[in-house]
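2 protein chains.
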Amino acid sequence: MHYPLENIKVLDMTRVLAGPYCTMVLADLGAEVIKLESPGTGDDSRAFGPYIEDESAYFMSLNRNKESFTLNLKNDKAKEIFKELIKKVDVVVENFKPGTMEKLGLGYDVLKELNPQLIYAASSGFGHTGPYSDRPAYDGVIQAMGGIMSITGQKGGEPTRVGPSVADIFSGLFTAIGILSSINKRSFTGVGAKVDVSMLDCQVGILENAIARYFVTGNSPKPEGNKHASIVPFEPFDTSDGKIMVAAGNDKLFGYFCNLIGTPELIKDERFATNPMRNKNYDALRPLIAEQMLKRSTAEWKVALIEAGVPSGPINNVEMVVTDEQVLFRNMIQEVHHPKIGMSHLPGIPIKISGVDDNIRFAAPMLGQHNEKILSEYLGYSKEEVDKLKEGGVL
Amino acid sequence: MHYPLENIKVLDMTRVLAGPYCTMVLADLGAEVIKLESPGTGDDSRAFGPYIEDESAYFMSLNRNKESFTLNLKNDKAKEIFKELIKKVDVVVENFKPGTMEKLGLGYDVLKELNPQLIYAASSGFGHTGPYSDRPAYDGVIQAMGGIMSITGQKGGEPTRVGPSVADIFSGLFTAIGILSSINKRSFTGVGAKVDVSMLDCQVGILENAIARYFVTGNSPKPEGNKHASIVPFEPFDTSDGKIMVAAGNDKLFGYFCNLIGTPELIKDERFATNPMRNKNYDALRPLIAEQMLKRSTAEWKVALIEAGVPSGPINNVEMVVTDEQVLFRNMIQEVHHPKIGMSHLPGIPIKISGVDDNIRFAAPMLGQHNEKILSEYLGYSKEEVDKLKEGGVL
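Residue numbers (the working numbering), protein chains in the order written: chain A, 11 to 405; chain B, 11 to 405.
It should be emphasised that the hints constitute simulated quantities derived from the structure, not laboratory data.
All C-beta atoms in this analysis are idealised placements derived from N, C-alpha and C, irrespective of residue type, glycine included.
Please note: incorrect hints may appear among the correct ones.
Claimed, not checked - A few chain A residues facing chain B, derived, Cβ under 8 Å:
1) 39
2) 114
3) 116
4) 136
5) 184
6) 398
7) 402
Take these sequences, add in the hints, and give me the full structure.
Below is the structure:
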């Protein structure tokens, strides 16, 4: 056994982001993920830009290491095949609007009769229970309703949406954790479970100290800009040609920092002697630091701050990130050969495990690329039978 | 077996956020988590505000469902006890600066000899390998270096730090997934592993389509404000008394929306007939919608948009989130009794699994609260022996 999940077979009915992110994480760790798609169009995100030779780079980045199998689930023969496959897999994952699987006659109650060991995982906007359960949702709606926008943004400014679709991604990760935990339990009990993860619940779960602050003070926190709420100095400063983030998290680091920037007198200044004092006298301290930081370039400060042992870093744009020497050393940007477009660049696998290869195994599939393979391996169909299913509109 | 991880014992050496978030997720699903702390002060975050009766509400929210055990790891007898405990647990988790465990003589190479089944998991700023490995990091530094700030913010505005410490939290979640995957593999091989998760790697892994966009276009994406990069209308609009997020993700939803706001003529207007056209003619369309949205209050639009089937939601502040009827229905705000402060409010558990109780089992521990219990249960110490260790400065 090489990959930690290579014994796990996943039937993946998910589309776009939250669900596909979950199954990508499982696939990256070696699970066999069969991506079930509608014939003709497939996952909606196959149509999302940006494109390379008519193939969606967005789809490619989320669906590497998965196989594509098409089934027209409105067709009775297709439903029969689906039910046969359910008996052969460990996990099914879907991110439909709640009720969709039941309408297809393929709800958890039906599937668990076919395979009592099945782990059925659903990621949805609001969850499978509660008054909002049947509402449609997108990442933007959940970021708005979940509170993260209300505490992100410049001080005094507008609530701000987080750039990446973190409401989807968090839901994908929590769903993966629910699946893996249930697999652990199943190895003792022999019985599967339904995992029900709501994007809105996940947002509540990641609000971090904002919830504690609200319950202690009775006030809703507001956007704090780029400055830490209670540590000083802990924010970006302008340099002669850009910006750099400085995070002097304690008195020792503040001392290193003051010596470096040529203001050792600040260390002994009683207004700035402790972090609570630096918070209190922030308006006096900030300009004194800011004046010094303007004297050198970002590149110069980058080196000097590291040498001085002060936690710090540039505010990288995406180009700087994907060419960063640590990012490259950690194999976090990978070249993957795609059958149609040739070489593509994808984000790597952030979970590094001793003795486990962290290379992406294969590129995202073309629609229906593995129809014959899946039907033959799992259900013993011949090539002729597969061709017949294709002609009949089943695949 | 009730909880999915109740067979898993975790020795938790983590402090503050990324590591404690990881072990909280495991504890919430039933793992027995022994939080190892330094005598006297414990986890740094015990000193982080806000406070309730001198107890940190921040610490409480991250350390529920864990037991506290103090060990002075500079003491030889304490190291001996640590090594005995290592033989009895499944997982050890740490989020020290790389090299710290080796300096203590407790690196992975030492521990795996004591317990070949051990899963050793480390979460660090930059990972245990590579040129930046030994640099200190805080969430703010990693958000800056990892690119998320460069694509978050108002259009044309400053790169913006995400309010919650998402660099820490993502790292905690990926670490949990690495641990659970390795537990699955161990059930076949009988052998443990080292899981090495870097906060910076995780940020690369969640940049989503920003990386694809960069490699296709050669340009680094910029902050897009609160508007979706390629769907129109998909952004917040001002109402007569606030704002509301509208996400009409396709032509059908755009039709529902235009009828609702009293501008059915927009549906047939060829400038707005398809999503690509709405993107192209955004500057003409937005004011026409914005004018209508100003005519009713957020509360009125909230109801009307739901009835019309248009994905939408208010931009909730934290008070609105923690009193939202769906959030409460899903048990996402829980009252937990704390031995010192009485009733406290904590975010609930976002992973709902059939047949598994989703209530928090017990409040965060006082420092060293479980010293006697752990030493007795795991290593058979008597009360007298424990008292002696206390006097000797071991605990």
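Hint check:
With a least beta-carbon distance of about 5 Å to chain B, the hint placing residue 39 (chain A) at the interface is held under the 8 Å criterion. The closest approach between the C-beta of residue 114 (chain A) and any C-beta of chain B is roughly 20 Å, which is over the 8 Å cut-off, so the hint fails. A cut of 8 Å between beta carbons decides the hint on residue 116 (chain A): the least distance to chain B is about 17 Å, and the hint is violated. Look at residue 136 (chain A): its Cβ gets to within about 6 Å of chain B, closer than 8 Å, so that hint holds up.
Below 8 Å, beta-carbon pairs count as interface contacts, and residue 184 (chain A) has one with chain B at about 5 Å; its hint therefore holds. This hint is violated: residue 398 (chain A) has a C-beta 34 Å from the nearest C-beta of chain B, more than the 8 Å allowed. With a least beta-carbon distance of about 30 Å to chain B, the hint placing residue 402 (chain A) at the interface is violated under the 8 Å criterion.
In this structure, the hints that do not hold are numbers 2, 3, 6 and 7, in rising order.
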